[in-house]
Amino acid sequence: MTRARLPQLLAETRSGVLLFSVTPPKRSTAEERIKEIAEVTLERIGGLDLDGLILYDIDDESDRNPEERPFPFLATLDPARYYETHLGGWTRPVIIYRCVGKYAEDELRDWMREADPERVLSVFVGASSGGKAVHTGLRRAQELRAEVRPELPLGAVVIGERREEHLRMLTKQERGASFFISQVVYHVNETKNLISDYYYECRARRVQPRTMIFTLSLCGSLKTLEFLRWLGVDVPRWLENSLRHAADPLTESYKHCLDIARDLRDFCEHLSVPYGFNVESVSIRKAEIEATTRLAADVAALLGR
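Be aware that the sequence shown starts at 384, since it is given in this note's numbering, and climbs by one per residue.
Since the hints were made in silico from the structure, they are not lab data.
Mixed in with the good hints, there may be bad ones.
[Claimed, not checked] Okay, the calculated beta carbon distance ranges per label pair:
1. ARG523 x ARG588: 23 to 31 Å
2. GLY471 x LYS409: 17 to 25 Å
3. GLU422 x HIS653: 38 to 46 Å
[Said to hold, decoys possible] Calculated lysine to any residue pairs in the SDA-like style (CA-CA distance at most 20 Å, straight line):
4. LYS575 x ASP617
5. LYS638 x LYS669
6. LYS638 x ASN624
7. LYS606 x ASN624
8. LYS485 x VAL540
9. LYS575 x ARG546
10. LYS606 x THR406
11. LYS575 x THR598
12. LYS409 x GLU467
13. LYS669 x THR634
14. LYS575 x GLY615
Computed from a prediction, not measured in an experiment: that's the story for all the values here.
Glycine included, C-beta positions come from ideal geometry on N, C-alpha and C.
Produce the entire structure from the sequences given, and follow the hints as far as they go.
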């Protein structure tokens with residue numbers, strides 16, 4: 384039986400969605416190298432049983448955290464342009480992230496008008512801090528989508544560590560979000576608290592819970608661990624100790640990612656909350672890239688693929 388395409392899976396709140404996410408190449412990358420990266424990416428994920436590909440939109444978040452960034456911020460190619468120009472061989476749907484504050488209203492309008500809702504979905508991301516100057520605010524971007532392209536499937540970001548996040552989710556749902564993608568999950572208890580709060584609030588309001596897609600990301604070095612902390616990811620102390628003292632942090636991280644996926648799958652199925660996973664590949668280290676591809680295959684098996 385042929386599996387439905389991603390927009391239908393999300394519209395029907397079916398569980399078991401599997402996504403893979405990458406960051407477009409740096410803007411300073413030579414054109415030939417960009418083509419090479421795109422070809423290698425398509426070859427690497429072509430054999431995976433995925434429902435879709437996520438292309439991140441990167442913004443400088445130094446306004447949110449005054450501490451020195453462990454990895455320098457380097458501007459990347461526009462994800463929509465990268466997709467159209469270099470990923471033509473990808474036949475399954477793609478979710479284009481949009482850090483909406485970077486774009487003028489006209490730019491967002493034009494892009495939404497041109498996007499094909501059968502193969503393109505989007506996640507709108509707001510400013511990294513309340514004081515950041517933006518061209519378009521998140522609320523306004525949501526309004527534009529409702530005016531210009533209401534049929535464009537729209538998702539929203541979820542940060543399990545934030546207080547009252549389940550209420551933010553419901554507000555975003557009212558404004559057009561039909562699925563949610565989490566920040567990287569390392570603190571499984573915080574995530575289960577969020578799932579539970581969201582489920583019972585939906586039940587109280589007699590609202591259908593939307594699909595929650597949990598992001599898994601390998602941590603292969605202590606510097607990556609520092610960067611996760613800088614981004615605001617809550618890494619439990621016991622897990623940080625495991626990674627710090629492991630002979631091979633990548634192998635240790637791999638095991639924990641699979642444990643988290645298993646735990647969240649079981650918890651969501653217990654509550655009948657529609658769920659899925661996003662396996663994130665943002666490292667440039669060959670060992671981590673290869674391990675991430677293996678992780679996606681193992682998560683597919685967890686989902687019964």
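Taking the hints in turn, this is what the structure says about them:
1. ARG523 x ARG588: 23 to 31 Å: holds (25 Å)
2. GLY471 x LYS409: 17 to 25 Å: Because 21 Å falls inside the window, the suggested range holds.
3. GLU422 x HIS653: 38 to 46 Å: Cβ of GLU422 to Cβ of HIS653: about 42 Å, so the range 38 to 46 Å holds.
4. LYS575 x ASP617: holds (14 Å)
5. LYS638 x LYS669: With Cα atoms ~19 Å apart, LYS638 and LYS669 stay inside 20 Å; holds.
6. LYS638 x ASN624: holds (15 Å)
7. LYS606 x ASN624: holds (14 Å)
8. LYS485 x VAL540: holds (17 Å)
9. LYS575 x ARG546: holds (13 Å)
10. LYS606 x THR406: holds (19 Å)
11. LYS575 x THR598: holds (14 Å)
12. LYS409 x GLU467: holds (16 Å)
13. LYS669 x THR634: The hint holds at about 14 Å.
14. LYS575 x GLY615: holds (18 Å)
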